[in-house]
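Asker: Residue numbers (the numbering used here), protein chains in the order written: chain A, 1 to 492; chain B, 1 to 305.
It should be emphasised that the hints constitute simulated quantities derived from the structure, not laboratory data.
Check the hints yourself; a few may be wrong.
Calculated cross-link-like contacts (lysine to aspartate or glutamate; reagent style EDC-like; alpha-carbon spacing at most 20 Å) [to be verified]:
hint : chain 1 : residue 1 : chain 2 : residue 2
1    : B       : K269      : A       : E229
2    : B       : K33       : A       : D352
3    : B       : K33       : A       : E226
4    : B       : K33       : A       : E229
5    : B       : K240      : A       : E253
6    : B       : K33       : A       : E230
7    : A       : K75       : B       : E300
Remember, predicted model here, so these are calculated numbers, not experimental data.
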Amino acid sequence: MAKRTVRTIPQARTPMREQDAKARGKNFSEVACGYSLEDALREAQRCLYCPEPACVEGCPVSIDIPGFIRRIEDKDFRGAYDVITAANLLPAICGRVCPQENQCEGVCPVGKTLEPVAIGRLERYVGDRAIAEGWSSAPFVEPSGLRIGIVGSGPAGMACAADMAKAGCDVTVYEAFQEPGGVLKYGIPDFRLPNPVIDAEIDNLRKLGVKFECNTLVGRLFTIAEMIEEMGFHAVFIGTGAGYPSMMGIPGESLNGVLSANELLTRCNLMRARQFPQFDTPLPAGKKVAVVGSGNTAMDALRVSLRLGAEKVHCIYRRTKAESPARAEELHHAEEEGIEFHWLTNPVEILDDGAGNVRAMRCIRMELGEPDESGRRRPLPVKGSEFEFPIDIVVYAIGTNANPIIGQTSRLKLNKRGYIETDKDLATSMAGVFAGGDIVTGAATVIEAMGAGRKAARSMKKYLGIRNGKTESATLFGIPLSEKNFARIRAA
Amino acid sequence: MQPSQTPIFEIVAREDFSDATYLLEIRHPRMAKAARPGQFVIVMAQPHGERIPLTLADFDRTKGTITLVIQAVGKTTKEMRELCKVGTHLHALVGPMGIPSQLGNAKKVVCVGGGLGVAPVFPQARAYKEAGAHVIGVLGFRSWDLVFWKDKFQSVCDELILCTNDGSVGIRGLVTDGLKSALAKHPDIDEVVAIGPPVMMKACADATRARRIKTMVSVNPIMVDGTGMCGGCRVQVGGKVKFACVDGPDFDGHQVDFDDLMVRLARYKSQEAEALKRWSDTCRMPEPPEPALELPDPFEEVRGG
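Using the sequences plus the hints, can you model the full thing?
Answerer: In structure tokens, the structure reads:
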């Protein structure tokens, strides 16, 4: 076969079928419908199989991307799944929610002349196929006799649990909500990440022997110290997320109709308020919604509000579209669906109707000044540019502060912003206790949290004296001892 | 203690104090061990239910149970009155939540409980008694037939003042009248704890303001997660925004903006009325099974469907 070059591969990136923008604004079904077999095979042909793949470097969990794409081309989908799950147990989730344009796809050499290989879409194809086929990645491992406690069942906790279970540890994951999944369940809406996908990936962890205990608020029901000293855990990972939503501190924030994106999303996604009154949790009623902020959470809040039946949904952001931290695809989808964006605009006051409800919002125009510490140009108010517009609901999506519970209930060292302080290996000030994800770094992405969970797992194994390789990939006749391979082993 | 003893939240005892008020005792040994006065739990009665915060009314470390006293006022609490029989299970129960009450070294304390606040003030009264304080209990009921836990409070209170709206037992009047009579009798009261509806806690705080007696109240705003994640429970305390779930639920009553709290508590009034009406209309008829969430199969495309 002639050497594949940018000139010989299919030039256009294979599009993914999407629900029509008008129709999807009224339902919670997934917007991006996924690749078909033909789509996946065609897109796989766009990979150049670079000898030193930049994409692997760009991936926070270092998936062997050319390796799994090669197997897609070979139609060895089970093989592709095994390659991905060696690094990432949650491909159906990550394929959907990773900001690939800043990671693997952002450094793909094909992207220098054409659009980069759609790595995320291919990963999702493999993940969805595994779920549809009922595959799981549950290698046989020798029990190590070590017990690991994980606080929080979000992406950081799930990733850490997977690695520790694969190393033969007895893993228990604690979750405060009534079902596991963390931000994947309460935060990310179904039209972006359907609940059956999350449940399927959690079931895979259960097959690895991971136990999930919900309704457990660690810190208050028992402390981190008790987990180590009394409950017999040899090591603990804290991945509680950030939480504690920020407010702006402008007048009118305690009015009814002002809520955090976390509250809106939790009510709608986890508590199913969108099916009120079949489900008991209500949502604030309103036809005109303003969401403050322009990150991924803001995009979710905007698009959820639209689907809940709002007539006008406004995005209020003090910088411009170029500085918006949202993933490009989410921003694009929100625009398509008819969200109104007000760039260079900042709220100054929320006005009431005399009965404690929101009536209107007063905003001010902004302009960009000199770069600030984030490297982005600092937005400055334009004098005399204040204006008012009618609104029923104001949703804040301007970030979060550190959740105080672990700090209140442990002697773990925190930094001055209240996040848990760790060394470069994610070890905390307490022996055997590791932490990662938003509770260490502040709000970040799902894949960064998963990367932190995996990094903490590596440190934990080192701390516990578990040697990599010995328990991680047991093989027989060179074939991995994963349960589905017994037939192949017998044949060999 | 073994980590894998997932509790199933079994209701082991129930007592009905009146048509509206009922007690549930739930097995949860680990929570009984961890609970401290002033803390609360979040309950979901059934999978379609909402998460409601309830302040702990008691906990028994020997029996391994926690106790909740609930007033049936809305859809969820009325439904729980029907569903929560001995031997049944709650769908979810998480806690103890919130910062435990900070019991200082007060020598003389008044514990005021009115309405839904009568039961939750009990753990605090008991803790003060155990700490050696002189405890004056002030409890408010509408009428004599609604009185409960009189003996229980008597066992931990040096003085007990009952107040009824109709004067059928104790003094005729509100708990603030009981509080005022205690304040008049005792010039040396160090602290007042008041738990009940916001309007009652506000009146108690007003009654102690002139004498600058430390007055702690326990707020019970609308919550979802109870872990500091959603901010639905924010209250104004001394001009600052606090989250009742992780910064409270106990706050200095002289600093709490009760008017703000009352407006915020009413923010789902119309939806709550709708839910209650729908439930009342259907609860005596067997309801058809709820339609499942109608979403297409997310794996349709890979299945080649």
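Asker: For each hint, tell me whether it holds in the structure or not.
Answerer: Comparing the hints with the structure gives:
Simply put, K269/B and E229/A have alpha-carbon atoms about 47 Å apart, too far for the 20 Å limit, and the pair is violated. For the hint linking K33/B to D352/A, the alpha-carbon distance of about 46 Å lies beyond 20 Å, and the restraint is violated. Only pairs whose Cα atoms come within 20 Å are accepted, and K33/B paired with E226/A is accepted, the gap being roughly 13 Å. Of the supplied pair hints, the one linking K33/B and E229/A holds, its CA atoms being roughly 16 Å apart against a limit of 20 Å.
Of the supplied pair hints, the one linking K240/B and E253/A holds, its CA atoms being roughly 11 Å apart against a limit of 20 Å. The suggested pairing of K33/B with E230/A holds, with an alpha-carbon distance near 14 Å, which does not exceed 20 Å. In summary, the hint linking K75/A to E300/B is supported, as the alpha carbons are separated by about 19 Å, within the 20 Å threshold.
Violated hints, listed in ascending order, are 1, 2; each of the other numbered hints is respected by the structure.
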